[in-house]
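A.B. asks: Residues per chain, in single letters:
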Amino acid sequence: MDFRVLMMGDAAFTIEYTDLKGTVGAKQVRALRSKVQAEIGTGEIAGVVDMISTSRSLTVCLTPAYAGFETVRQQVCDLAGTAADDASQQGRTWTLPVCYEGELAPDLTEVAERAGLTAQEVINIHSGTAYSILMIGFLPGFPFMAEIDPRLRFPRRESPRTRVPAGSVAIANDQTAIYPWESPGGWHLLGRCPVALFDADQAVPSLLQAGETVCFEPVSRADFDRIEQDLKQGNLLPDSFLKGGE
Amino acid sequence: MTQSLKILSPGMLASIQDQGRIGYNRYGVPRSGAVDPVLLRLGNALVGNDPYEAAIEFRFMGPSVTAEGGPVRVALACHSGGELLDFATQEKHPVTPFQTITLNEGDILKVFPIDQGATGYLCVESGLALTPVLGSCSTYARAGLGGHNGLPLQSGDSLPVRAPAVYSDSEKIIAEPIALEDGPIHVIQGPQDDHFSEADFLMFVGTPFKVSSDVDRMGIRLEGRKIEALPEKGYDLISDGLVCGAIQVPGSGQPIILAADCQSVGGYPKIASIISCDLYCLGQMVPGKEVSFKAVDLQTAQSLYLQKEAEIEKAIASIRNYFDEGAVDLLALYENNLVGGVVDAQNPGHFPGHLEDM
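Chains A and B, in that order, give the protein sequences.
Using my numbering, you'd call the opening residue of the first sequence number 1 and step up by one each time.
Using my numbering, you'd call the opening residue of the second sequence number 1001 and step up by one each time.
These aren't lab readings, by the way, just hints derived from the structure by calculation.
Be careful, since some hints might not be right.
[Unchecked claim] Across the chosen pairs, the derived CB separations fall in these ranges:
id, chain 1, residue 1, chain 2, residue 2, range
1, B, G1288, A, V49, 27 to 37 angstroms
2, A, E44, B, Q1307, 28 to 38 angstroms
3, B, E1228, A, Q229, 20 to 30 angstroms
[Said to hold, decoys possible] Calculated pairs, EDC-like style, for lysine to aspartate or glutamate (alpha carbon to alpha carbon, straight line, at most 20 angstroms):
id, chain 1, residue 1, chain 2, residue 2
4, A, K21, B, D1236
5, A, K21, B, E1223
6, B, K1233, A, D19
7, B, K1226, B, D1236
8, B, K1226, B, E1181
9, A, K21, A, D2
10, A, K21, B, E1232
11, B, K1294, B, E1223
12, B, K1226, B, E1198
13, B, K1006, B, D1115
14, B, K1289, B, E1311
15, A, K232, A, D199
Here a beta-carbon is modelled for each residue, glycine too, at the ideal position from N, C-alpha and C.
The shape of chain A in the complex, shown without the other chains:
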């Protein structure tokens, strides 16, 4: 497993699997992360306050100017060299409702035109793929998911929107995402998901986690409104969108 260590000041370093990316890279990073987490649990590794995982790197954040920086770096390097175990890491699967209609899908027509497909074909392709969550980042609870069908791969919009509504389901390059918050953004908006992805009252505030699988189920506008209402009133819990309704 080729990797290198990148220094980010005196309180963070990044382990980068230079030749990996996408779902393969994310899996390797998750494997390293759980090994580091395990050694933090046993007290073997000390001084770590946070870890940020991406599709090919793990950033380890330490207490400021932690005197044991070099020790931790060595410990993490010792764990980084082994390959991810195929059997482990089987994450949960979500089936999230998406309304691909009207004002909730502002870029659907344009994406269809650029792809030379009908809007319905775009919906079928986007909702007919199971996506793997590479990482959570950019905004609280924001999932980066791969991989988009090659027919729907377009670079980000040339001029980003200043306001992307919360819940927007979007695509860019080989990834798809859901915006948990209103924010500026340059991705193409294909639909809207009514399920809140972040709840600060939960111990684990992000609904989705890296390594989990997400499928999208097209719903009508009427169903979207009903689900949104039921979630708001507590008649429906976000966990009911786990496969098998766990």
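Based on these hints, arrange chain B on the given structure of chain A.
C.D. replies: Relative to chain A, chain B alone:
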């Protein structure tokens, strides 16, 4: 009725901040927290709080506040001062930087626009009665987390205080506060050192930059000589983790220092990262200020950290009663100097014994 601190005018970009949300980057939550944690610590020390007790952070323009329902003691941790309007006498009293003030009901503390640095704190004795969200009271407005209803402070906000001010004859002052940093900011090269030539890195640390008008809690954009990424590497990379103090270089070649509210991942190469003990400088960067960097290694960073901690301890140890002998002595010392002619009162810039007098 319990006492509270009421915001009459929030000044600019005022928000509640503490140490920040540590451990939630993994869920995409920015750390947030005070942009000048050193000032926050000094302010809290003045009113006897825990070092990172949540306080009002204000940027560029100070707020005006008043006490409701009982006396509230606050500390002004800022390089600029303000004034107190006494409700009973309608008299105005000057408020110096780094002192405590007890506001009786109706008294108004007006913090002046900041002319030294960019950020200050109002720390409240016994602390504000706020509910932490994900381990912190820091405001992160985009996700509505923390602070007062998850929002920046607004006129009319009433912040409940945990306990009434304890009446005491004298206020406190820091006799020897920490001065505004004027020297270079220390960085460690990387994480993407391989995106830039050694010559470009040397230029980065050897040439001063100017702080642009693009300054907020997410980042500080600098202006200066363009930093070229190596053509074969470019300005785009597969996103990796970000921390406060990392200095990213987008395609414009103008570096951006990531600050407290920065996102957890990003795709621009980072040429260098500011070391922990200098992060507080980010809170004091005003547009137009000149900034330069100096490269150090990990060991140096660690010893500079201990040095800075000792300075902070020293400043805290210099806290005096405002009207006790120590402070009076200091004042007397200055006055004696003037009377004794060590400094010519008519020409304060002129010190006897300078070369030109020889």
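A.B. asks: Determine for every hint whether it applies to the structure shown.
C.D. replies: Taking the hints in turn, this is what the structure says about them:
Evaluation of the 27 to 37 angstroms hint for G1288(B) and V49(A) yields a pass: the beta carbon distance comes to about 35 angstroms. Against the hinted window of 28 to 38 angstroms, the Cβ-Cβ separation of E44(A) and Q1307(B) comes to about 31 angstroms, which satisfies the hint. Distance hint check: the CB atoms of E1228(B) and Q229(A) are about 54 angstroms apart, inconsistent with the given range 20 to 30 angstroms. Between K21(A) and D1236(B) the CA atoms are separated by roughly 14 angstroms; this keeps the pair inside 20 angstroms, and the hint holds.
A distance of roughly 33 angstroms separates the Cα atoms of K21(A) and E1223(B); the hinted pair therefore is violated under the 20 angstroms criterion. With a CA separation close to 15 angstroms, the supplied pair K1233(B) and D19(A) stays within the 20 angstroms bound. Distance hint between K1226(B) and D1236(B) is fulfilled; the C-alpha atoms sit about 16 angstroms from each other, no more than 20 angstroms. Taking the CA atoms of K1226(B) and E1181(B), the gap is about 25 angstroms. The hint is violated against a cut of 20 angstroms.
For the given pair, K21(A) sits about 13 angstroms from D2(A) by alpha-carbon distance, which is consistent with the 20 angstroms threshold. As the CA atoms of K21(A) and E1232(B) are separated by approximately 19 angstroms, the hinted pair is consistent with the 20 angstroms bound. Between the alpha carbons of K1294(B) and E1223(B) the distance comes to roughly 17 angstroms, so the proposed pair stays at or under 20 angstroms and holds. Note on K1226(B) and E1198(B): the hinted pairing holds, with a Cα-Cα distance of about 15 angstroms set against a maximum of 20 angstroms.
In summary, the hint linking K1006(B) to D1115(B) is not supported, as the alpha carbons are separated by about 24 angstroms, beyond the 20 angstroms threshold. The hinted pair formed by K1289(B) and E1311(B) fails the criterion: a straight-line CA distance of about 24 angstroms is larger than 20 angstroms. Our distance criterion of 20 angstroms between C-alpha atoms is met by K232(A) and D199(A), whose separation comes to about 12 angstroms.
Violated hints, in rising order: 3, 5, 8, 13 and 14; the structure is consistent with all others.
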